[in-house]
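Asker: With the hints as constraints, model all of the structure from the sequences given.
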Amino acid sequence: MTPKKQPPGPDRAAAFFVACSTSTSREILMPQPPFTPPCWLRNPHLQTLWPKLFRPLPDLPMQRERLELADGDFIDLAWATGGNGPVILLLHGLEGTLRSHYALPVMAALLRAGLQPVFMYLRGCSGEPNRLARSYHSGAIEDLAEVLTLLRSSGRPVAGAIGFSLGGNLLLRYLGTAGSSALLRAAVAVSVPFVLADAARRLEQGGSRIYQHYLITRLKRSYRLKFASRPSPLRVDLDRIRTLWEYDQWVTAPLNGFAGADDYYARCSSLGYLKDITVPTLILHSLDDPFMYPRNVPLPDQVGPGVRLAIQPHGGHVGFIEGHLPWRTSCLIDRLAPAFFHEHLHPAAPSP
Numbered sequence: 017m018t019p020k021k022q023p024p025g026p027d028r029a030a031a032f033f034v035a036c037s038t039s040t041s042r043e044i045l046m047p048q049p050p051f052t053p054p055c056w057l058r059n060p061h062l063q064t065l066w067p068k069l070f071r072p073l074p075d076l077p078m079q080r081e082r083l084e085l086a087d088g089d090f091i092d093l094a095w096a097t098g099g100n101g102p103v104i105l106l107l108h109g110l111e112g113t114l115r116s117h118y119a120l121p122v123m124a125a126l127l128r129a130g131l132q133p134v135f136m137y138l139r140g141c142s143g144e145p146n147r148l149a150r151s152y153h154s155g156a157i158e159d160l161a162e163v164l165t166l167l168r169s170s171g172r173p174v175a176g177a178i179g180f181s182l183g184g185n186l187l188l189r190y191l192g193t194a195g196s197s198a199l200l201r202a203a204v205a206v207s208v209p210f211v212l213a214d215a216a217r218r219l220e221q222g223g224s225r226i227y228q229h230y231l232i233t234r235l236k237r238s239y240r241l242k243f244a245s246r247p248s249p250l251r252v253d254l255d256r257i258r259t260l261w262e263y264d265q266w267v268t269a270p271l272n273g274f275a276g277a278d279d280y281y282a283r284c285s286s287l288g289y290l291k292d293i294t295v296p297t298l299i300l301h302s303l304d305d306p307f308m309y310p311r312n313v314p315l316p317d318q319v320g321p322g323v324r325l326a327i328q329p330h331g332g333h334v335g336f337i338e339g340h341l342p343w344r345t346s347c348l349i350d351r352l353a354p355a356f357f358h359e360h361l362h363p364a365a366p367s368p
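Sequential numbering of the sequence shown, starting at 17, is according to the working numbering.
The hints are simulated quantities; they were obtained by calculation from the structure and are not laboratory data. The reader is advised that the hints may include incorrect statements.
Stated by the list, open to error - Here are the simulated distance ranges between beta carbons:
#, residue 1, residue 2, range
1, Gln48, Glu220, 21 to 27 Å
2, Asp279, Thr233, 38 to 44 Å
3, Lys236, Asp279, 20 to 26 Å
4, Gly273, Leu315, 31 to 37 Å
5, Glu220, Leu303, 34 to 40 Å
6, Ala244, Leu83, 36 to 42 Å
7, Gly171, Gln318, 36 to 42 Å
8, Pro247, Gln48, 53 to 59 Å
Glycine included, every Cβ here is placed at the ideal spot set by N, Cα and C.
Answerer: As structure tokens, then:
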């Protein structure tokens with residue numbers, strides 16, 4: 017029988033980060049050992065696409081659960097079985113699922129670290145359309161807040177959360193809005209579109225248009241599936257929609273009570289909420305992320321006392337793949353996230 021792997025101790029967790037000196041009182045953290053993408057994987061598009069195309073996904077036993085929401089809708093969860101430590105909630109990106117390339121590997125890493133991961137499907141993303149006309153979106157913090165409350169009331173409080181891309185924006189906005197009342201003790205946000213309007217513009221440019229085409233295709237498919245057996249409240253010609261801004265203007269915004277895409281972006285972008293975050297939060301981001309501009313990355317003086325920045329020059333969008341050989345790679349997220357959660361959720365043993 018294989019002995020159960022113990023989570024890293026406090027000294028090991030702390031060794032994953034070193035602070036770089038800055039001109040402000042905040043720290044920019046660098047992982048230890050440093051993140052160094054291989055020479056064949058430095059291009060941001062390769063970093064973004066390689067894990068989706070080639071990264072193997074672990075086979076983890078899962079237990080599904082449905083939470084009924086107060087508005088009559090539902091949220092589905094997927095619990096990785098075998099964990100018995102602090103609960104860590106995963107929030108996926110736009111049109112993400114449990115099969116997204118980052119989800120299962122991160123859950124496996126959290127399990128190995130003695131944590132209990134649970135994957136939260138945003139409304140309508142679990143394979144079954146949600147009941148209400150409204151959809152998930154980048155600023156739907158009420159859904160996250162209700163899930164955290166329901167789990168706490170059932171005796172399973174969520175200790176930490178990790179959000180990817182859209183899910184990271186949602187998580188940071190929740191933390192900034194809730195402040196010291198947030199129902200979390202630690203958080204990690206990866207490849208966040210801090211300024212939604214700029215992210216929409218960036219996806220219309222150069223090689224980033226391949227991601228826009230992919231996302232728009234999936235968004236349209238989800239919309240058609242949802243309203244295949246019931247009337248849609250919108251009169252929209254999906255075939256005329258070519259950009260993410262157009263989809264948000266004609267679908268996301270009206271379905272969710274916004275005046276338009278620009279109103280949605282202005283109200284739901286997380287950048288303006290970062291200064292109010294007090295919960296220990298790690299933001300992992302790359303300056304070459306093809307989903308946004310380098311100018312959108314927050315500076316140390318733009319974040320609150322709970323936020324620690326781990327800004328990398330390379331890594332793409334939710335990539336951060338390292339390793340010299342294509343058949344022997346690993347992911348920075350898988351070692352940073354468990355270490356950060358261990359640092360804040362497993363207190364150090366008292367000194368003798």
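Asker: Hint by hint, say whether it matches the structure.
Answerer: Each hint tested on the structure:
Our hint of 21 to 27 Å for glutamine 48 and glutamate 220 is violated, since their Cβ atoms are close to 38 Å apart. Between aspartate 279 and threonine 233 the C-beta distance comes to about 25 Å, which lies outside the given range of 38 to 44 Å. Checked against the hint of 20 to 26 Å, the pair lysine 236 and aspartate 279 passes, with Cβ atoms roughly 22 Å apart. A C-beta distance of roughly 32 Å is found between glycine 273 and leucine 315, which places it inside the suggested range of 31 to 37 Å.
For the pair glutamate 220 and leucine 303, the beta carbons lie near 20 Å from each other, so the given range of 34 to 40 Å is not met. Remark: the range hint 36 to 42 Å for alanine 244 to leucine 83 is contradicted by a beta-carbon distance near 25 Å. The beta-carbon spacing between glycine 171 and glutamine 318, approximately 38 Å, falls within the hinted interval of 36 to 42 Å. At about 56 Å, the CB distance of proline 247 to glutamine 48 agrees with the hint of 53 to 59 Å.
Of the numbered hints given earlier, the model fails hints 1, 2, 5, 6; all others are met.
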